[in-house]
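> Order-wise, the sequence lines are chains S and V. Just so we're aligned, residue 1 is where the first sequence starts under the numbering used here, counting upward by one. Just so we're aligned, residue 1001 is where the second sequence starts under the numbering used here, counting upward by one.
Don't take each hint at face value.
Claimed, not checked - Some chain S residues well away from chain V (every beta-carbon gap over 12 Å; in silico):
{"no.": "1", "residue": "11"}
{"no.": "2", "residue": "62"}
{"no.": "3", "residue": "186"}
{"no.": "4", "residue": "247"}
{"no.": "5", "residue": "326"}
{"no.": "6", "residue": "376"}
Stated by the list, open to error - To give an idea of the chain V side of the interface with chain S (calculated C-beta under 10 Å), a few residues:
{"no.": "7", "residue": "1014"}
{"no.": "8", "residue": "1015"}
{"no.": "9", "residue": "1040"}
{"no.": "10", "residue": "1043"}
{"no.": "11", "residue": "1062"}
{"no.": "12", "residue": "1065"}
{"no.": "13", "residue": "1101"}
{"no.": "14", "residue": "1104"}
{"no.": "15", "residue": "1105"}
{"no.": "16", "residue": "1113"}
To be verified - If you anchor each label on the Cβ, the simulated ranges turn out as follows:
{"no.": "17", "chain 1": "S", "residue 1": "319", "chain 2": "V", "residue 2": "1095", "range": "49 to 59 Å"}
{"no.": "18", "chain 1": "V", "residue 1": "1123", "chain 2": "S", "residue 2": "312", "range": "31 to 41 Å"}
{"no.": "19", "chain 1": "V", "residue 1": "1103", "chain 2": "S", "residue 2": "129", "range": "24 to 34 Å"}
{"no.": "20", "chain 1": "V", "residue 1": "1080", "chain 2": "S", "residue 2": "138", "range": "30 to 40 Å"}
{"no.": "21", "chain 1": "V", "residue 1": "1034", "chain 2": "S", "residue 2": "156", "range": "33 to 43 Å"}
Note that these hints are calculated values from the structure, not bench results. Ideal Cβ placement from N, Cα and C applies to all residues, glycine included.
Next come the chains, spelled out residue by residue.
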Amino acid sequence: MRINNIRKQFPILSRKINGKPLIYFDTAATALKPKPVIEAITKYYSKCTANIHRGIHTLAQEATAQYESARKTVQKFINAKEYEEIIFTSGATESINLVARTFGEKFLKRGDEILVSEMEHHSNFVPWQVLAERKGLKLKFIPVKQDGSLDLKTYQKLLGRNTKLVAVSHVSNVLGVINPIKRIIKAAHKQGARVLIDAAQSAPHLPLDVQELNCDFLAFSGHKLMGPTGIGVLYGKKDLLSKMPPYKFGGHMVAKVTKEKTTYAALPHKFEAGTAPIAQAIGLAAAIRYLKNIGFKNIQTQEKKLVPYALRKLTSVPGLKLIGPALPQNRISVFSFTINNVPPHDIATLLDQAGIAVRAGHHCAQILHRKFGLSASVRASLYFYNTSKEINQLANRLKEITKIFNH
Amino acid sequence: MNDSQLYRQEILNHYRNPQNFGKLKHADLKTEKINELCGDEIVLQLKLSKGKIKNVKFTGTGCALSVASASLFTESLKGKTLTQAKNITASQVIKNLGIQVGPARRKCVLLVYDALQEILKKRTGKRRA
Chain S
1 MRINNIRKQF PILSRKINGK PLIYFDTAAT ALKPKPVIEA ITKYYSKCTA NIHRGIHTLA
61 QEATAQYESA RKTVQKFINA KEYEEIIFTS GATESINLVA RTFGEKFLKR GDEILVSEME
121 HHSNFVPWQV LAERKGLKLK FIPVKQDGSL DLKTYQKLLG RNTKLVAVSH VSNVLGVINP
181 IKRIIKAAHK QGARVLIDAA QSAPHLPLDV QELNCDFLAF SGHKLMGPTG IGVLYGKKDL
241 LSKMPPYKFG GHMVAKVTKE KTTYAALPHK FEAGTAPIAQ AIGLAAAIRY LKNIGFKNIQ
301 TQEKKLVPYA LRKLTSVPGL KLIGPALPQN RISVFSFTIN NVPPHDIATL LDQAGIAVRA
361 GHHCAQILHR KFGLSASVRA SLYFYNTSKE INQLANRLKE ITKIFNH
Chain V
1001 MNDSQLYRQE ILNHYRNPQN FGKLKHADLK TEKINELCGD EIVLQLKLSK GKIKNVKFTG
1061 TGCALSVASA SLFTESLKGK TLTQAKNITA SQVIKNLGIQ VGPARRKCVL LVYDALQEIL
1121 KKRTGKRRA
């Protein structure tokens, strides 16, 4: 895999930021888009614009075919048994909210317990917190250890016969740590609890097999794996999805509508009210095809090079403290850190002046930051289109920044 | 704007040794403000005498720009009447800091200014009641 050739496929990489070449270290926020994805989206708008599922005319049939073919592409991508198990949403956040509002509403009752981890993104925490408040459920936390890993001993203790749902991320968007979700799912099922996996940060980096994982629900967002914004996926086991009531109502999710009563469409349409994000689904399919063309093997080879190198270079910056795992194993290329005497937002601004894009703040994980005694951190998140040269530049610039602040 | 201006020595000095940092023994007016986006927080206290701001102090944690801005801004408030304080605009605050900031960092720089606006609003509210 020739990185330089790959980078040429991302038009934005030719941009200059403040006169410097763009060094994009914010993929955990959103991934850059390769030409084939951009072209697939534009093609829908320039050559194949139509609404789907209802039209008889040629354009409508083409668009419908593309949209449903995108669904099958996603199905294959995560190895779901049936295509009806793939629901298109506006993103992982909507996917999780969908489960909370339908599965949560219907199947959880007062006294039931939901387990989440301390490292969850707000999108895989607040919906459960709100559900728990509304229905009198108990919310319990799987602790995160200082090295960033989940405390599985305590998890096992927290699991009980009242546990009905475990909601946990596959990969942390702050720590970069990969959680042993297969084990977590097995243990939860033994207790009769369902499991929702937030795969927003793992889908771009690791191959997913929902049958092998045996998760009950899985959510991810298109824009984090080089697809467009505005599209995500909820995977759910068919027998669960068919029992869950819809929560968004209107066109397309209906079967028969009368003044007195309305019946609902079958899966997956039951959960896809209104006009679908057609261009976005087509873009997502193009992103998945692009990803598969590169191949997870190549992506992981590149990351296996970048991760230890980045760890070494970052820890060489005086006063820099990494949050979470200091070792290259069991993690993806996401690095959150603080630097003594230099506030995170100032680091980010000074990096931006050198053309380097990172995130500063709590990265939608206030609970995790509080656990580590922080209000904010800097996060550099890499992908296969980054290089070790860029990591060098980050480390050098960070050293400059510490000099500026310790002058 | 490059490094040398945005984080010039003067700004860093104000960050490291901010003027008016601390608590007033008997504050007349006080408020607390948090910038939820980044975790910057400030407690601003004013002491009045004969209709003028006699003393100003602030505490809290924040990024370099928010602390430096608070240091300069609180100094500029001393000796002003509340009406004069009210007439200071956000753009003047940023101009006096001598830097150009994007929308994200604007909130940091204006945290102390927003805290003052809250104090002034509370005071006007009390008056009306």
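> Confirm or reject each hint.
Status of the hints after comparison with the structure:
1. At the 12 Å boundary, the C-beta of residue 11/S stays outside the reach of chain V, the nearest C-beta of that chain being 23 Å off.
2. Residue placement check: residue 62/S keeps its beta carbon more than 12 Å from all beta carbons of chain V (closest about 42 Å).
3. Consistency note on residue 186/S: stated as away from chain V, and its beta-carbon is indeed over 12 Å from all of that chain's, at 38 Å minimum.
4. Every beta carbon of chain V lies more than 12 Å from that of residue 247/S, the smallest distance being close to 28 Å; the non-interface claim holds.
5. Every C-beta of chain V lies more than 12 Å from that of residue 326/S, the closest at about 24 Å, which supports listing it as non-interface.
6. Residue-level check failed: residue 376/S sits 5 Å from the nearest beta carbon of chain V, not beyond 12 Å.
7. Taking 10 Å as the C-beta cut-off, the interface hint given for residue 1014/V is violated, the closest approach to chain S being about 13 Å.
8. Interface restraint check for residue 1015/V: the shortest CB-CB distance to chain S comes to about 8 Å, inside 10 Å, so the restraint holds.
9. With its C-beta approaching chain S no nearer than about 8 Å, residue 1040/V sits inside the 10 Å limit, and its interface hint holds.
10. Against a cut-off of 10 Å between C-beta atoms, the interface hint on residue 1043/V is violated, since the closest Cβ of chain S lies about 15 Å away.
11. Among the interface hints, the one on residue 1062/V holds; its C-beta lies about 7 Å from the nearest C-beta in chain S, closer than the 10 Å criterion.
12. Checking residue 1065/V against chain S: minimum C-beta separation of about 7 Å stays under 10 Å; hint holds.
13. Proximity of residue 1101/V to chain S holds as hinted, the smallest CB-CB distance being about 8 Å (cut-off 10 Å).
14. With 10 Å as the threshold, the beta carbon of residue 1104/V comes within range of chain S, its nearest partner Cβ sitting at about 8 Å, so the hint holds.
15. Nearest Cβ of chain S to the Cβ of residue 1105/V: about 6 Å, under the 10 Å cut. The hint holds.
16. Checking residue 1113/V against chain S by beta carbon gives a least distance of about 17 Å; that is not within 10 Å, so the hint is violated.
17. The beta-carbon spacing between residue 319/S and residue 1095/V, approximately 33 Å, falls outside the hinted interval of 49 to 59 Å.
18. At roughly 56 Å, the beta carbons of residue 1123/V and residue 312/S sit outside the given window of 31 to 41 Å.
19. Under the hint 24 to 34 Å, the C-beta atoms of residue 1103/V and residue 129/S, about 30 Å apart, fit the expected range.
20. Roughly 54 Å separates the CB atoms of residue 1080/V and residue 138/S, a value that falls outside the hinted 30 to 40 Å.
21. Under the hint 33 to 43 Å, the C-beta atoms of residue 1034/V and residue 156/S, about 38 Å apart, fit the expected range.
Going through the hint list in order, the structure does not satisfy hints 6, 7, 10, 16, 17, 18, 20.
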